[in-house]
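Undergrad: Take these sequences, add in the hints, and give me the full structure.
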Amino acid sequence: MKKMMGILTSLILVFTLAACSGGNGSGNHTEGSSGNGNGNGNGNGNGNVSSGSGDPAGKPGKGDQEGETATTDIGKKTIVFSTFWQDDKFEEAKKKYEALHPNIEIKLQHIDTDNAHVEADLEKFATTTNTAMLAGKGPDLLEMDKLPIEDYVKRGLLADFNTMMEQDKSFNRADYFTNILDNAGVGGGLYGMPLSFFLMGFAGDVDAIAKAGVQIDDKSWSWDDFAQIAKKLVKDGDYPNVIASMPGSILTMMVTDNYASFIDVKKGKANFETAAFTDMMKQVKTMADDGVIGQERPYFFPTQINSPGDYLTTLKGYLAKNMSLYAKPHTKDTSPGGYFRSYRTIGLNANSKVKQEAWDFIKFMMSEEIASSPLSAGFPINKKAYANQLEELKKMGSVKGHEEGPLHGASVPVDDAKIQQLTGYVNGAIHQVAYQSSKVEEIIYNESLAFFSGQKTAEAVAKLIQNKVTTYINE
Amino acid sequence: MLALLFLAPSLIGFAVFYIIPFAMGVYESFTDRTLGGSFVGFDNYKELLASSSFRKAAANTLLFTGLSVPLLIAASLSLALLLNRPLFFRNGLRTAFILPLVVPVASIVMIWQIFADWNGTLNLWLHHWGKERVDWLQSDWSMGVLVIMYLWKNIGYNMILFLAGLQSIPQDYYETARIEGAGRLRQLVHITLVYLTPTMFFVILISIINSFKVFRETYLLAGDYPYDRIYMLQHYMNNMFFSLDIQKLTAAATLMVGCIVLFVTGLLRAERRFRDNME
Chain A
1 MKKMMGILTS LILVFTLAAC SGGNGSGNHT EGSSGNGNGN GNGNGNGNVS
51 SGSGDPAGKP GKGDQEGETA TTDIGKKTIV FSTFWQDDKF EEAKKKYEAL
101 HPNIEIKLQH IDTDNAHVEA DLEKFATTTN TAMLAGKGPD LLEMDKLPIE
151 DYVKRGLLAD FNTMMEQDKS FNRADYFTNI LDNAGVGGGL YGMPLSFFLM
201 GFAGDVDAIA KAGVQIDDKS WSWDDFAQIA KKLVKDGDYP NVIASMPGSI
251 LTMMVTDNYA SFIDVKKGKA NFETAAFTDM MKQVKTMADD GVIGQERPYF
301 FPTQINSPGD YLTTLKGYLA KNMSLYAKPH TKDTSPGGYF RSYRTIGLNA
351 NSKVKQEAWD FIKFMMSEEI ASSPLSAGFP INKKAYANQL EELKKMGSVK
401 GHEEGPLHGA SVPVDDAKIQ QLTGYVNGAI HQVAYQSSKV EEIIYNESLA
451 FFSGQKTAEA VAKLIQNKVT TYINE
Chain B
1 MLALLFLAPS LIGFAVFYII PFAMGVYESF TDRTLGGSFV GFDNYKELLA
51 SSSFRKAAAN TLLFTGLSVP LLIAASLSLA LLLNRPLFFR NGLRTAFILP
101 LVVPVASIVM IWQIFADWNG TLNLWLHHWG KERVDWLQSD WSMGVLVIMY
151 LWKNIGYNMI LFLAGLQSIP QDYYETARIE GAGRLRQLVH ITLVYLTPTM
201 FFVILISIIN SFKVFRETYL LAGDYPYDRI YMLQHYMNNM FFSLDIQKLT
251 AAATLMVGCI VLFVTGLLRA ERRFRDNME
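Protein chains in written order, with full-length UniProt numbering: chain A, 1 to 475; chain B, 1 to 279.
Because the hints were derived from the structure by calculation, they are not lab data. Don't take every hint at face value.
[As the list claims (entries may be wrong)] From the structure, some residues in chain A lie toward chain B, with a derived Cβ separation under 7 Å:
(1) ASN130
(2) ASP151
(3) ARG155
(4) LEU464
(5) ASN467
(6) ASN474
(7) GLU475
[Unchecked claim] Estimated spans, in silico, between C-beta atoms of each pair:
(8) B:GLN113 with A:LYS355: 46 to 56 Å
(9) A:ASN446 with B:GLY130: 23 to 33 Å
(10) B:TRP129 with A:ASN446: 24 to 34 Å
(11) A:GLN436 with B:LEU220: 15 to 25 Å
(12) A:GLU150 with B:GLY130: 41 to 51 Å
[Claimed, not checked] Covered stretches of chain A, as calculated for chain B (at least 3 residues, CB under 8 Å):
(13) 134–146
(14) 439–451
Backbone N, C-alpha and C fix where the C-beta goes; we use that ideal spot for every residue, glycine too.
TA: Next up, the structure:
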């Protein structure tokens, strides 16, 4: 008997110690960031979010927000909306919507953070939201920009907006930029509603390119075309470089464009230890050595256009007089078109008890009721709201550049032809660029650094990338 | 009964923080989604075992434990034997071996990073001697780096345990043996090792458990996707947690604990048999 007890206690001891070690591992992510970030003074709103991390397997039931999602006794319904940053736009939408719908209360939650703690707070925000969502609780609406949307979709945590849009007779798809709605999907459905979006592309110096005698069809150019054109530009043109970038970024872009040929997710196979990949690396290195990629004056700047106003100032900000937006090169298989990045992407909790109400609020945020200035970040998803922005922009007549920016606060006149061009880009953007870089991109970028600095051979780096990506896709 | 009363506080704490969550975890590992999922039998386990990364992680963890624990036992036992006899500066040396225990992990990892990095100190020396440099953390050497780090960190603790064990062996045994003409080696094998066996079991157990904890250092040293030679079970679980795959996570944890329990039961049974023999 005594011996049995002895064995039992030892087993318990082992349990504890083993469990301890597990706890330490996941604890690393959250340590040191507790005690700040949450108490933003709106009563019970945020305090809850701070609990419930560090014990992955243990208790998904933490981070409780019961009572918040439930209806209160006077029949007033509450929609909890969680974002990472505080956002005036959402505050405004909340006020307007509550005024129109007195029986609905919208609770905005966000994390108070500062520059020194952003990274820790971000990780904590993701962990606590993940745990709460997995526990079937969590907020009704979430801003997905900083959250792993694909994982949420895989676990069935988000509602598909495509079905909601279909069922809703009052929703008219044609009022919105359908090129964005059709292409902002993840995993076969629209699980995040982009309230706005950015345009991604290259800002190119039209005059200098014309002077070098080069024709560019950016609607359909491939990376090979780009390499050809770049060679000619370096040889015949005035500027030392073609694109202001890092070889690692270019390589990562080229790989993501050819994702399927390098990674077969179904079979769990990566193909990086191939001549195709090492040749690609060598090609990028040659481009860097030849001056195609570099930090001196280039023909193209990779750029992100945030708003109609930003379009005007950004293109003027690059020294040259006549800059224009070009789509970045495609692969041969991708259909011609520009690139966009969703912004203020809203997810709807599949377990929410107030789904219809939440959807109605999303529709409200998508509508033109929420007027936004042509200078605020993000092109609105609503066509009318976009048209209103352009009207306002024309009324303004000119846009003032940033004081600290290259324009030093100088004004840029609003030019109808440029605006027309912009509308073309906005309607033609059909390729989504993910808000966050994926793990594979990170691995490729980090490992390729040693190759581009000449410390390792292409083959050695390819082997490492192959090694890590294989681990990643087979988990 | 009274004993139970005194045990209650710690028992409750232990139940709330370990047993109950773990039992919930085991339950989760048999369902298809977090909370309120339906029972799917061993599907999660099948999926888990089909994952080549999980198998790799399990193999690495086993390899690490199998490699580092015997090395650690051998090294710390020799040190204990050495420091058990009169030696110049003995106390200072003993303290020196304990020191790694009290240094915070983060700073240790920092030193190791600087030391073993591709552009680190070790490679600088190699370069100085005109040798090809090695990417210590991104090749099969990475396991070696971990083993050395583990040895360095745990050798002092084990040494203390062995020293305590050594000092509890009565000196008379050695005297008798010496009178009867036993040599050094014979004394070591037939007296020291035999009477050290209970301590040995304990040290092996603790060392194995500590070898699982090396994940913390590995994670800080090489991140969430290290070179696949040092991709440990806890890496797998950690990554599963971040991709919200609680099912695979709990299945992996259950399997791991199951294996540990099996192993420890075996070890304890062996110890009991040994004790019975001694009596």
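Undergrad: Checking each numbered hint in turn, tell me which of them this model violates, lowest number first.
TA: Of the numbered hints given earlier, the structure breaks none, since each of them holds.
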